[in-house]
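Asks: So the chains spell out like this:
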Amino acid sequence: MKRRTLVKSALAATALVALQSTAVFAGNPVLKIGFVGVTSGPAAAWGISNQRSMETRAAWINETGGYKIGNTTYDIKIVSFDDQKDPKRSIAGMDKMAQEGIHYVVGPNTDDGAEAVRPVAEANGIMYFPYAFSKSLYTPPASNAVLAMVANYQSGPAIYKYLKEKKGVKTVAFVAANESDPLSQRTSGVAAAKALGLKVVSDNVTYQPDTTDFTPVLTPVIRQRPDLLVLSGVSPAHAPQLIRSARELGYQGLISTETAQDAQVLREGAGDLANGFISVGGASTPELASDAMKEFVKRYTKMFGEYNDESNTKVYALEYILATLAANPKAINDVKEFQKTMDTFEAPNPFMKGNAKLTYVGTTSFTQKRQIAVPLVVNTFENGAFKTLFVATVD
Amino acid sequence: MSALLEVCGVTKKFGGLTAVNDVSFDVGQNEILSVIGPNGAGKSTLFKLISSFLRTTSGEVLYEGKRISDLKPHVVARLGVVRTFQETTIFKSMTVRESVIVAQHLRAKASLAGYFWGTRTARADIAAFGRYADELLEFMGMSAMAEELASNLPQGHLRALGIAIGLATDPKVLLLDEPFAGMNPEETMRTVNLVRSVCDARGVTILLVEHDMPAVMNISDRIVVLNFGEKIAEGTPSEIQNNEKVIEAYLGSADDEVGI
Amino acid sequence: MNGVTSKQLIGFGIFLLAIFVGVPIVIAATGRWDFYFTLTSVALLSIASAGVWLTFYIGRINIGQGAFALIGAYVSAILVAKAGVSFWISLLVAGLFAAVVSVLIGLPILRLRGVYFAMITLVLTQVVTLVALALPITNGAKGITSIPLPGGISLLGLQILPPFDSMADTKLAFYIMASILMVLTYLALWRLVNSRLGHICRSMQQNEELASSIGVNIAYIRIIIFAISSFFGGIGGALFGSISQSVYPSSFQVTDSVNFMLNCFLGGLGYVFGPMLGTLTLYFGWDLLFTLGKYQLLVYSVLLILVIRFLPNGLLSLRLGKLGKGGGK
Amino acid sequence: MEQVLANGIYLGAQYAMIALGLTLIFALMNVLNFAHGQMYVIGGFVTYTIYGQLGLPYIVALLASCVTLAVLGALIERFLFAPVIKGSAREESTMLLAAGIAFLLDALILLIFGEKQRGVPKIVNGVLNWDFRIIMPYDRILICGLAIFSIVAFIAFMQFSRTGRALRALAQDRTAAQLMGVNVDRYSTIGFALGAMLAGLVGGLLVTITGINLGMGGPTSIKAFMMVMIGGAGVISGAIAGGFILGFMEAIGLAVLSQYGDITYLVIFISLMIFLAIRPQGLMGKPWG
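Chains A, B, C and D, in that order, give the protein sequences. Mapping of the first sequence onto this note's numbering: position 301 corresponds to residue 362, and the numbering continues sequentially without gaps. Mapping of the second sequence onto this note's numbering: position 200 corresponds to residue 208, and the numbering continues sequentially without gaps. Mapping of the third sequence onto this note's numbering: position 174 corresponds to residue 175, and the numbering continues sequentially without gaps. Mapping of the fourth sequence onto this note's numbering: position 88 corresponds to residue 130, and the numbering continues sequentially without gaps.
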């Protein structure tokens with residue numbers, strides 16, 4: 062009998078928690094923005110940096126009186142769903158968002174998740190901003206996904222071109238984890254390098270996502286002595302180890318990746334060996350960061366104890382959503398209006414010095430504007446921090 | 009003599025060790041034949057060879073003139089040669105009656121899909137299984153414990169259940185693995201009578217491997233004696249009792265549990 | 002043992018009513034439309050879990066169902082998206098294909114028992130994922146996307162089922178479809194377990210040697226059971242592919258295989274309806290806890306541990322007194 | 043060639059240590075501890091916190107990892123595994139418990155240590171470069187040496203100490219050990235704690251090379267399972283052999299099959315399946331029925 066009561070009370074507690082209504086903000090009406098992504102398990106870092114940058118920004122907006130869209134000032138509330146990097150759960154998460162009456166969602170973090178939620182998002186009138194590169198997500202007939210970062214097939218050519226012209230890179234080698242996203246990125250990376258006339262000396266070495274020692278993985282690659290080693294779609298956890306192994310094997314050339322990295326992680330994991338490592342980042346380097354960006358980093362650090370440089374690129378999606386809604390308040394419950402606005406939308410970029418703009422791009426890659434124009438900031442790691450190598454734009 | 013089961017020069021080697029060496033003997037129709045021998049004589053290996061739970065190294069076992077060694081155990085069982093196990097090997101979480109019903113697998117006329125769809129043949133089978141199980145338990149004197157879980161039975165009845173499971177398959181030859189081991193004289197007596205009546209009343213030929221000499225002397229028509237994997241004697245109980253090689257083998261063994 | 006009592010019939014009736022009438026009414030009343038997808042997932046995952054439960058029934062710990070679900074998902078996706086075959090045919094083919102593969106793989110590995118079988122099936126899940134990444138027909142890392150929705154079914158010119166893309170609400174359609182398949186699966190499972198094959202499985206679960214001594218061809222039965230199990234896996238996988246309209250090598254992975262197994266444990270290995278309840282609890286439970294934010298996994302795991310600590314024989318063991326073992330319902 | 047050998051030894055030593063703890067727990071209680079990888083991760087994070095963050099000597103951090111995990115292991119055994127094993131109809135039910143604990147530890151790691159990859163300063167600098175035939179950083183050599191030393195120490199402990207002998211008796215036959223007067227409950231706890239401690243120790247050692255993040259838990263458990271299966275479940279020597287075999291398979295496979303890229307692990311997994319199908323008890327295990 063005793064255990065029955067116990068189980069019953071446990072179940073009752075669960076039910077209570079589930080039914081518990083969402084917290085109510087005082088004053089302003091609440092605008093809910095969703096996040097569906099991975100915030101637990103091996104890839105937690107991707108989603109968490111995402112979720113936290115959204116929450117930091119939302120708290121900041123709310124603290125300073127809310128966000129004005131049309132004639133109403135809203136408090137922003139972030140509703141997050143952890144999909145555990147499982148496409149089945151991503152769909153459930155997107156359904157939850159529809160249930161909550163949310164029309165704008167950031168995420169998911171992977172190709173398979175983003176592809177799986179497409180039917181739900183399109184059926185329920187949700188615009189979503191995945192961090193996934195699969196072109197079919199953004200190319201018609203797909204209509205509701207907006208690429209929330211720079212795809213590697215856009216940043217790759219820019220980086221290779223720069224390195225070819227400025228550093229005399231002639232040969233390049235690719236290494237990728239044996240998983241969907243990195244493999245897809247490797248394929249497009251190789252194509253981009255070949256198009257530029259670079260010689261690809263190795264493009265088929267892969268490693269399992271659970272690899273703990275990269276020396277045997279890299280040995281055959283390093284033997285080819287490429288001028289540039291590209292770590293396709295490398296996760297922040299693997300990057301320092303790969304760099305370290307490559308350097309310890311005596312590799313002298315350049316190393317680059319097209320994904321965002323965290324300086325602290327590189328510093329701890331590879332130390333000085335990571336000097337010269339090229340990665341794509343946002344606009345938080347001292348040369349570029351505006352006061353708003355610095356404020357954002359400060360608030361993030363205060364809220365969560367430690368900043369994550371991956372958030373530099375992830376702060377944008379929410380900003381775009383809000384700014385576009387402000388430009389066309391009708392879009393708040395109607396994504397068709399949002400889509401219309403996207404074609405002409407333009408606003409100043411608050412996170413970058415100078416007169417950079419927020420616009421939607423992607424016509425070249427997707428034949429329609431389904432990408433946010435994050436500045437393509439290419440950074441290089443020097444003595445524990447990122448320095449901007451060059452800045453480019455995507456069309 | 010018409011031999012039902014013929015063991016012809018059967019040999020089994022485990023690595024360099026010869027467990028059974030060139031053993032031959034026949035079992036006649038409706039006979040009770042016992043294989044005895046001191047510990048480590050190769051009895052249970054021979055037993056497994058006959059029931060095809062082990063492959064022979066050389067030699068063969070014939071049933072009704074057809075080779076049955078090296079066949080799969082269930083094929084041998086289908087032909088009518090069925091073995092029992094020692095008491096721990098039962099269907100622990102089934103009742104006695106369920107065990108006996110399951111064991112009538114070979115009597116089934118309907119196919120497995122037939123049972124799934126509940127065809128007429130299948131329903132007839134199910135009824136027949138039930139009737140036969142009741143009859144068999146009656147015969148074994150186990151009707152009272154039909155609904156008891158097998159794991160709750162006392163040791164003596166476990167052995168009887170093992171025999172009942174074997175009998176439920178309608179065997180021509182029943183191979184019994186040490187049916188009297190660990191029993192007190194009274195239980196042994198009862199089991200001896202049971203085995204006798206299985207042979208007489210149901211016409212089942214019985215080959216048993218056993219340790220308990222008095223019981224074996226009592227029950228067997230003929231006896232085969234093994235020592236160090238080789239057959240050292242064969243004959244009626246009285247012949248065996250007076251066979252010098254046998255006496256020597258048993259006295260020579262350190263096994264004091266078995267006396268003659 | 003084989004007769005169906007009136008009590009069971011009533012129970013089954015209530016169950017059907019709850020699924021096909023009760024749930025839609027409750028959802029309409031509360032406006033929680035999102036529960037449709039969650040319940041659809043529960044239905045299709047419990048189909049796959051039913052297969053795992055069946056392999057448990059012959060005493061094998063199966064951590065390979067993810068492999069067969071992935072195979073099923075790909076077969077259906079390739080047939081529908083590349084060959085233009087009707088989804089309904091592809092669903093059946095997916096199940097059959099998974100079953101055939103399982104026979105080929107099962108022949109050598111079903112001899113293994115205990116953790117050894119568990120491990121080899123776990124490795125199998127990884128092998129299938131890696132094969133899906135490497136093969137051209139599966140589109141490798143890119144996956145198969147934009148799979149058309151299921152079409153209609155017409156018989157003798159009479160339309161029994163309209164095409165899904167003509168429906169206003171595919172959520173309900175998918176829910177009904179998955180639920181019907183789930184009910185059929187569990188009816189089949191229940192019937193199987195209570196038929197002779199089920200009794201033989203139980204005998205094998207308890208002692209394979211004894212089972213073979215009474216003339217049971219254990220190797221054959223093992224293959225049959227593994228094939229049926231994988232058939233369910235293939236069906237479940239194909240269903241998911243049609244709902245998400247995409248399949249990736251990561252659609253079903255080791256985690257999924259492990260979850261299928263956990264569903265069975267949690268519901269109770271002794272009960273036919275255990276895996277269904279287990280799936281509902283594990284999957285729905287996670288969904289319900291989503292408002293907890295970052296504490297979701299913590300609370301979820303603590304609850305899970307409490308349940309197993311105090312109900313080590315599964316949730317259904319609470320009702321052990323009332324119902325016979327193995328039979329369920 | 044020499045490089046492949048060196049890589050194999052290094053990988054093998056670390057794998058063997060991971061497998062040791064898992065196989066010990068399996069041998070003692072027939073529990074497949076799904077949470078083994080998470081324990082390894084906690085070990086890594088404890089060392090990271092004490093050595094990397096607080097700046098205390100490395101050896102202190104390593105000891106702290108061992109102690110933390112030993113205590114954690116003992117608690118888990120005493121309050122979770124032991125009662126569940128007693129109350130469960132089928133012993134496989136412990137798999138659900140183990141998985142639940144894995145989830146719990148994952149959640150705790152995320153809340154306490156965060157989601158980021160962490161690393162500690164190098165404990166030794168420099169790289170051994172023998173004529174480009176063997177290139178191996180000194181810290182790897184040191185960790186490899188420490189791992190091999192720990193393995194030897196563990197074997198010696200199991201062989202010669204009183205506790206070790208009791209544990210071995212327990213692993214061989216629970217009932218017999220009980221009859222011989224071994225306090226089964228107590229030694230189960232000790233054994234579990236020891237297994238968990240080994241996981242913590244490897245975590246503490248490897249954090250200096252590979253760093254640590256919360257995602258390493260699950261995959262590490264699965265790799266450990268495979269090594270245990272190769273060698274034979276529940277056999278100490280088997281776990282060591284399994285670890286080295288997998289280590290060498292990876293090192294050789296990556297060297298030989300690198301031009302085929304994606305299929306290296308496919309080949310490893312398929313050969314593993316074939317091997318297990320032919321020899322289900324692994325290299326040194328007892329046949330299972």
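No lab work stands behind these hints, which were simulated from the structure alone. All C-beta atoms in this analysis are idealised placements derived from N, C-alpha and C, irrespective of residue type, glycine included. It cannot be assumed that every hint is accurate.
Below, a list of computed lysine to aspartate or glutamate pairs in the DMTMM-like style, where the Cα atoms sit at most 20 Å apart [stated by the list, open to error]:
1) K56/B with E210/C
2) K164/D with D333/A
3) K56/B with E72/B
4) K295/C with D456/A
5) K100/B with D181/D
6) K295/C with E367/A
7) K225/A with D288/A
8) K83/C with D166/C
9) K128/D with E44/D
10) K100/B with E210/C
11) K228/A with E367/A
12) K117/B with D178/B
13) K93/A with E380/A
14) K143/C with D264/A
15) K80/B with E210/C
16) K138/A with E161/A
17) K164/D with E443/A
18) K80/B with E14/B
Pair by pair, the computed Cβ-Cβ distance ranges are [said to hold, decoys possible]:
19) T103/B with L162/C: 42 to 48 Å
20) L136/C with F202/D: 22 to 28 Å
21) P109/C with A135/B: 48 to 54 Å
22) N167/D with G186/A: 56 to 62 Å
23) T103/B with P109/C: 32 to 38 Å
24) Q163/B with S313/D: 54 to 60 Å
25) S313/D with S151/B: 41 to 47 Å
26) Q95/D with T125/A: 52 to 58 Å
27) T133/A with D170/C: 50 to 56 Å
28) K414/A with A30/C: 40 to 46 Å
29) T405/A with Q95/D: 46 to 52 Å
30) K414/A with F191/D: 54 to 60 Å
Asks: Each hint should be assessed against the structure and marked as holding or not.
Replies: Going down the list of hints, with the structure as the test:
1. Restraint check for K56/B and E210/C: satisfied, since their Cα atoms lie roughly 11 Å apart, inside the 20 Å limit.
2. About 11 Å separates the Cα atoms of K164/D and D333/A, which keeps this hinted pair within 20 Å; it holds.
3. The hinted pair formed by K56/B and E72/B meets the criterion: a straight-line CA distance of about 19 Å does not exceed 20 Å.
4. For the hint pairing K295/C with D456/A, the CA-to-CA distance comes to about 37 Å; that exceeds 20 Å, so the pair is violated.
5. Among the hinted pairs, K100/B with D181/D is inconsistent with the structure: their alpha-carbon atoms are about 56 Å apart, more than 20 Å.
6. Straight-line distance between C-alpha atoms of K295/C and E367/A comes to about 17 Å, which keeps the hinted pair within the 20 Å bound.
7. Restraint check for K225/A and D288/A: satisfied, since their Cα atoms lie roughly 10 Å apart, inside the 20 Å limit.
8. The hinted pair formed by K83/C and D166/C meets the criterion: a straight-line CA distance of about 18 Å does not exceed 20 Å.
9. Simply put, K128/D and E44/D have alpha-carbon atoms about 51 Å apart, too far for the 20 Å limit, and the pair is violated.
10. Our distance criterion of 20 Å between C-alpha atoms is met by K100/B and E210/C, whose separation comes to about 13 Å.
11. Our distance criterion of 20 Å between C-alpha atoms is broken by K228/A and E367/A, whose separation comes to about 34 Å.
12. Distance check on the hinted pair: K117/B and D178/B sit about 14 Å apart at the alpha-carbon level, within 20 Å; holds.
13. Note on K93/A and E380/A: the hinted pairing holds, with a Cα-Cα distance of about 14 Å set against a maximum of 20 Å.
14. Pair hint K143/C plus D264/A holds up; C-alpha atoms about 17 Å apart against a cutoff of 20 Å.
15. Distance check on the hinted pair: K80/B and E210/C sit about 11 Å apart at the alpha-carbon level, within 20 Å; holds.
16. Taken as a hint, the K138/A and E161/A pair is honoured in the structure, with Cα atoms around 12 Å apart against an allowance of 20 Å.
17. Of the supplied pair hints, the one linking K164/D and E443/A holds, its CA atoms being roughly 18 Å apart against a limit of 20 Å.
18. In summary, the hint linking K80/B to E14/B is supported, as the alpha carbons are separated by about 18 Å, within the 20 Å threshold.
19. For the pair T103/B and L162/C, the supplied restraint of 42 to 48 Å holds, since their beta-carbon distance comes to about 46 Å.
20. Range check, L136/C to F202/D: Cβ separation about 53 Å, and the 22 to 28 Å hint is violated.
21. Separation of P109/C from A135/B is about 40 Å and departs from the stated range, judged on CB atoms against 48 to 54 Å.
22. Under the hint 56 to 62 Å, the C-beta atoms of N167/D and G186/A, about 58 Å apart, fit the expected range.
23. The given range of 32 to 38 Å is respected by T103/B and P109/C, whose C-beta atoms sit roughly 36 Å from each other.
24. A beta carbon spacing of about 47 Å between Q163/B and S313/D contradicts the range 54 to 60 Å that was offered as a hint.
25. Taken as a hint, the range 41 to 47 Å is violated for the pair S313/D and S151/B, whose Cβ atoms sit roughly 56 Å apart.
26. Distance hint for Q95/D and T125/A: a CB-CB separation of about 34 Å, inconsistent with the stated range 52 to 58 Å.
27. Distance hint for T133/A and D170/C: a CB-CB separation of about 31 Å, inconsistent with the stated range 50 to 56 Å.
28. Distance hint for K414/A and A30/C: a CB-CB separation of about 55 Å, inconsistent with the stated range 40 to 46 Å.
29. Taking the beta carbon of each, T405/A and Q95/D are about 50 Å apart, inside 46 to 52 Å as hinted.
30. For K414/A paired with F191/D, a C-beta distance near 55 Å keeps the hint of 54 to 60 Å intact.
Checked against the numbered hints above, the structure violates hints 4, 5, 9, 11, 20, 21, 24, 25, 26, 27 and 28; every other hint is satisfied.
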